[in-house]
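**Student:** Sequence:
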Amino acid sequence: MFYQHLSRVQRFSSLLNNSILRCCDSKILPKCSIDFRITRQFSHNLPLCTFKGEKDRFNGLTIDLSKEQFKPSEFISILKESLNKWHTDNNRCIWFKVNIQDACHIPILAENGFNFHHARDSYVMMYKWLPSDSEPNLPPPCHTNLGVGAMVFNSRGQLLAISEKNYDYPHWKLPGGYVEKGEDIIEAARREVQEETGIDTEFKSLVTFRHTHNMMYGNSDIYVLVRMKALTENIQIAQREVNNCQWMDVEEYTNHPHVHEWNRLVIKRALDYKNRGIKIDLQKKTVKWAQNVREMSVMMLEDADD
28 MFYQHLSRVQ
38 RFSSLLNNSI
48 LRCCDSKILP
58 KCSIDFRITR
68 QFSHNLPLCT
78 FKGEKDRFNG
88 LTIDLSKEQF
98 KPSEFISILK
108 ESLNKWHTDN
118 NRCIWFKVNI
128 QDACHIPILA
138 ENGFNFHHAR
148 DSYVMMYKWL
158 PSDSEPNLPP
168 PCHTNLGVGA
178 MVFNSRGQLL
188 AISEKNYDYP
198 HWKLPGGYVE
208 KGEDIIEAAR
218 REVQEETGID
228 TEFKSLVTFR
238 HTHNMMYGNS
248 DIYVLVRMKA
258 LTENIQIAQR
268 EVNNCQWMDV
278 EEYTNHPHVH
288 EWNRLVIKRA
298 LDYKNRGIKI
308 DLQKKTVKWA
318 QNVREMSVMM
328 LEDADD
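Our numbering puts the first residue of the sequence shown at 28, with every later residue one more than the last.
Hints are supplied without guarantee of correctness; some may be wrong.
Claimed, not checked - Heads up, simulated DSS-like pairs for lysine-lysine below, C-alpha to C-alpha not over 27 Å straight-line:
no.	residue 1	residue 2
1	K112	K98
2	K112	K94
3	K315	K208
4	K124	K208
5	K295	K256
6	K112	K124
7	K208	K312
8	K200	K301
9	K311	K301
10	K155	K98
11	K94	K82
12	K94	K124
13	K311	K256
14	K124	K155
15	K124	K82
16	K82	K112
17	K256	K200
18	K107	K155
19	K155	K79
20	K256	K301
21	K107	K82
22	K208	K94
23	K208	K256
24	K79	K94
25	K79	K107
Claimed, not checked - Computed Cβ-Cβ distance ranges for the label pairs, DEER-style:
no.	residue 1	residue 2	range
26	T115	E162	19 to 29 Å
27	Q310	S161	40 to 50 Å
28	Q128	Y244	20 to 30 Å
The hints are simulated quantities; they were obtained by calculation from the structure and are not laboratory data.
Cβ atoms here follow ideal geometry from the backbone N, Cα and C, with glycine treated the same way.
Use the sequences and the hints to build the structure in full.
**Tutor:** What follows is the structure, given as structure tokens:
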């Protein structure tokens with residue numbers, strides 16, 4: 028009985044082999060194309076064995092988890108298989124962009140040697156440097172904040188001064204704040220003055236800037252000071268952050284005990300530039316190199332127009 032069954036298996040195997048060989052014949056191959064289409068369709072449904080990502084010019088890869096197709100239960104196995112492949116392919120830095128909805132995978136990446144690089148509201152960027160014979164050669168995360176302060180003068184030569192609610196000491200300062208992402212310095216100055224005081228302004232000149240370290244979040248800080256002309260004078264303070272705001276004579280402001288020495292200095296410098304007919308302009312320029320085109324704000328020395 029066993030031998031009879033074996034004989035049937037052998038005959039079936041022989042028949043199957045002959046059928047495959049016949050399908051490989053060029054005359055019969057077109058008739059078998061539907062089988063190959065089914066095979067291809069089936070292969071697309073197989074789980075991913077490695078993360079794909081996008082290759083960069085430094086032979087690194089960036090994997091955006093929101094664009095990858097995988098089951099959460101398969102993440103560890105796919106990651107390990109991917110790391111093996113990336114080592115074999117001599118890739119350098121592997122970046123993972125982990126959106127907040129995929130945050131459950133962050134501990135797994137950390138356990139497999141990935142470090143934090145930078146974060147935004149909706150994602151964190153993690154990286155792993157693969158070469159064992161060199162130190163990571165990566166751009167640092169953003170480490171410098173950019174702020175702007177505005178010296179706003181009205182038609183009577185008075186200066187706009189504010190005091191904020193979140194200070195623990197009495198003060199009179201200049202309106203201003205941080206430059207937002209994608210925002211030009213002049214536009215940031217206009218926006219901050221309008222938001223805090225309700226005053227509309229016109230840019231007249233850059234005056235100076237200061238660069239210091241170990242500020243907010245341990246970052247360095249650049250603070251740009253500009254001189255502006257008031258187009259309106261009716262003050263409407265932002266109740267959320269401003270405690271008081273008023274127009275002050277320059278002499279009163281520069282001699283006030285609650286005004287910082289730095290502010291006294293820059294006010295005098297701004298008026299000195301104006302009296303000498305000096306304007307430090309910020310002009311938009313379009314600069315092109317290779318395939319890149321960039322809009323830039325360029326500092327230019329001009330004759331004052333007021």
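**Student:** Hint by hint, note whether the structure agrees.
**Tutor:** Evaluated hints:
1. K112 x K98: Within the cut-off at roughly 20 Å; holds.
2. K112 x K94: The given pair, whose Cα atoms are some 19 Å apart, holds under the 27 Å limit.
3. K315 x K208: holds, 22 Å
4. K124 x K208: holds, 20 Å
5. K295 x K256: holds, 16 Å
6. K112 x K124: holds, 19 Å
7. K208 x K312: Judged against 27 Å, a Cα distance of about 19 Å means the pair holds.
8. K200 x K301: Between K200 and K301 the Cα gap is close to 21 Å, so the pair holds against 27 Å.
9. K311 x K301: Holds - the C-alpha atoms of K301 and K311 are around 22 Å apart, at most 27 Å.
10. K155 x K98: holds, 22 Å
11. K94 x K82: holds, 14 Å
12. K94 x K124: The hint holds at about 10 Å.
13. K311 x K256: Holds, at about 20 Å.
14. K124 x K155: holds, 12 Å
15. K124 x K82: The hint holds at about 14 Å.
16. K82 x K112: holds, 14 Å
17. K256 x K200: At roughly 17 Å apart (the allowed maximum being 27 Å), K200 and K256 satisfy the hint.
18. K107 x K155: holds, 13 Å
19. K155 x K79: holds, 16 Å
20. K256 x K301: holds, 12 Å
21. K107 x K82: Given that 27 Å is the threshold and the Cα spacing comes to 19 Å, the pair holds.
22. K208 x K94: With a Cα-Cα distance of about 25 Å, the restraint between K208 and K94 holds, given a limit of 27 Å.
23. K208 x K256: holds, 25 Å
24. K79 x K94: Holds, because 9 Å separates the two Cα atoms, which is no more than 27 Å.
25. K79 x K107: holds, 13 Å
26. T115 x E162: 19 to 29 Å: With a Cβ separation near 22 Å, T115 and E162 satisfy 19 to 29 Å, so the hint holds.
27. Q310 x S161: 40 to 50 Å: Because 42 Å falls inside the window, the suggested range holds.
28. Q128 x Y244: 20 to 30 Å: Roughly 25 Å apart at Cβ, these two residues keep to the hinted range, so it holds.
Violated hints for the displayed structure: none, as all numbered hints are satisfied.
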